[in-house]
Amino acid sequence: MLLALRSVGKVFSNGVTALSKVDLAIREGDFLSLLGPSGCGKSTALRLIAGLSTPTSGQLDWRGAIDRSNIGFVFQEPTLLPWASVFDNVWLPLRLKSVSRAKAEPAVMEMLSRVHLSGFENAVPRELSGGMKMRVSIARAMVTKPRILLMDEPFAALDEITRFKLNNDLLELWQDERFTVIFVTHSVFESVFLSSRVVVMAARPGRVHGELPINAPYPRDEAFRTSPGYAALCRQASGVLVDAINSTAGSQNDGH
Amino acid sequence: MTAIDDNVLTLDPEEARRARQERLERIGKWVLPLAIMVLAIVLWDRICVWNEIPQYILPRPGVVLQTLHNDAGLLFSSLLVTLRITFFSLLLAVIGGVGLAVLFAQSKWVEMSFFPFAIVLQVTPIVAIFPLINIYVDNQTVKLLLCAWIVAFFPILSNTTLGLNSVDRNLRDLFKLNGATRWQQLRYLRLPAAMPYFLGGLKIAGGLSLIGAVVAEFVAGAQGQSSGLASRIIEAGYRLNAPRLFAALILISLTGILIFLVLSLVSHLILRRWHESALKQER
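Chains A and B, in that order, are what the protein sequence lines are.
Numbering-wise (the working numbering), the first sequence opens with residue 1 and increments by one.
Numbering-wise (the working numbering), the second sequence opens with residue 1001 and increments by one.
By construction, these hints were calculated from the structure, which means they are not laboratory data.
Being a predicted model, the structure only gives us computed values, none of them experimental.
Note that beta-carbon positions come from the ideal geometry of N, C-alpha and C, so glycine has one too.
Zero decoy hints are in this set.
Taking CB as the label site, the calculated pair distances span: (1) B:Thr1181 / A:Gln59: 20 to 30 Å; (2) A:Phe12 / B:Ser1253: 52 to 62 Å; (3) B:Phe1114 / A:Thr56: 28 to 38 Å; (4) A:Pro106 / B:Ser1277: 32 to 42 Å; (5) B:Phe1114 / A:Ile161: 52 to 62 Å; (6) B:Thr1181 / A:Gly130: 28 to 38 Å; (7) B:Ile1257 / A:Asn122: 32 to 42 Å.
No farther apart than 30 Å at their CA atoms in a straight line, the calculated lysine-lysine pairs in the DSS-like style are these: (8) B:Lys1176 / A:Lys103; (9) B:Lys1108 / A:Lys97; (10) A:Lys165 / A:Lys145; (11) A:Lys145 / B:Lys1176; (12) B:Lys1176 / B:Lys1108; (13) A:Lys145 / A:Lys97; (14) A:Lys145 / A:Lys103; (15) B:Lys1176 / A:Lys21; (16) B:Lys1029 / B:Lys1203; (17) B:Lys1176 / A:Lys97; (18) B:Lys1108 / B:Lys1203.
Just need the whole structure built from these sequences, with the hints factored in.
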């Protein structure tokens, strides 16, 4: 066990309850997806885990020596420094820890090659495509070798072909390094393809509705994407998601 | 094979029209204003001749040019005085404007407390403040510098403050996640992000510092205490030396244009690789 959320709740100052009594256990090496409709608090949960926000109630139990330097974060947008080269963008987390350019260079170059961007280190973000920018963002999050990678709908804005490719590359990276991933998404197909566990959340208030283990073996490739087993798992996850959405509609109707 | 190649090279009528239009615009951008300028100068000359206007009221352009040449020593030494005030006041405006903006960016409270003072300083006409400065400050150069600074620093302050506060929220979170210190956040994130805003302010401030310097010289020059271009204008006015007046005026205008061009170039060189404003339009 790496992290346990115990009865975690978050109420914003405007009175909105973003999360209510969330219990969640994250195991070392998990690829866990938080799947849910918009407004179910999945991004809020991620921010709480990252330490960018504090819970109103409940607690986060970290097991083992984990602090912020062990966390990598990938945002929904690539969120790069537009004035800095690809190299400087990936160097940034190390630079903020006072690692010199020369000392950081091997790690930065290795990360760039892992995300298939060797040769682009001098380009600036505007010279890259959307998918390439996201690769830089992933390289930046991974350059400090974090034990846990938090991803907030990172591929939502990409076209399907690019998304599939990035999904494959992310899985490859994860299998090599075996860090823990918490992946926020609203795509059933993406969550099933990537994850070892899918946690489905419901909205108003944001809460865990159900959990679905994805027992398909890794490595998962294009063959898995078109297999009947994948389709069955997607159907199953869809069912839980629809159930979660209906439960929200139900609770709303009850309330009115 | 050749037929296919020819087809690739042949533009359809719409694209051909667009290419022609672009070519024309490229030439027209330079030729048109120059032509109008030449036309205006010729017209100015003809009006002087046709109406037999005396030189002390409206000199012919040729005479102004002649004066610019004859009085070059006097005029350019005065220009140098004005330029020195302009340059140093701009430098002080950059230091003061950016310094205050950085201070404001450290805390909303500081900004809320002090920004109104900056606005008061900006909206009060400098000509009205000068007599006070004249009482409190002895040194002539300091007087002029202070005046030009008051006029020039506000656009830099307000633009840079806006820039420092316009940083992407996610980037701020990223820095927080990586345990960045306040100084690191300023150096690696907020200052570079504010650069386009600062450069926009600098372009305005460049022109304003020249205006500030000339206005300050005017007020000081009226008391015979200045040797800049403005005092040359006042002096020429007293002596009904219209050609020199025009020559000084033209020098000031050219200086203003030059300052703008130089600052635009600096801005372009800094932003050309990444900022939208400096990128070529792509269709």
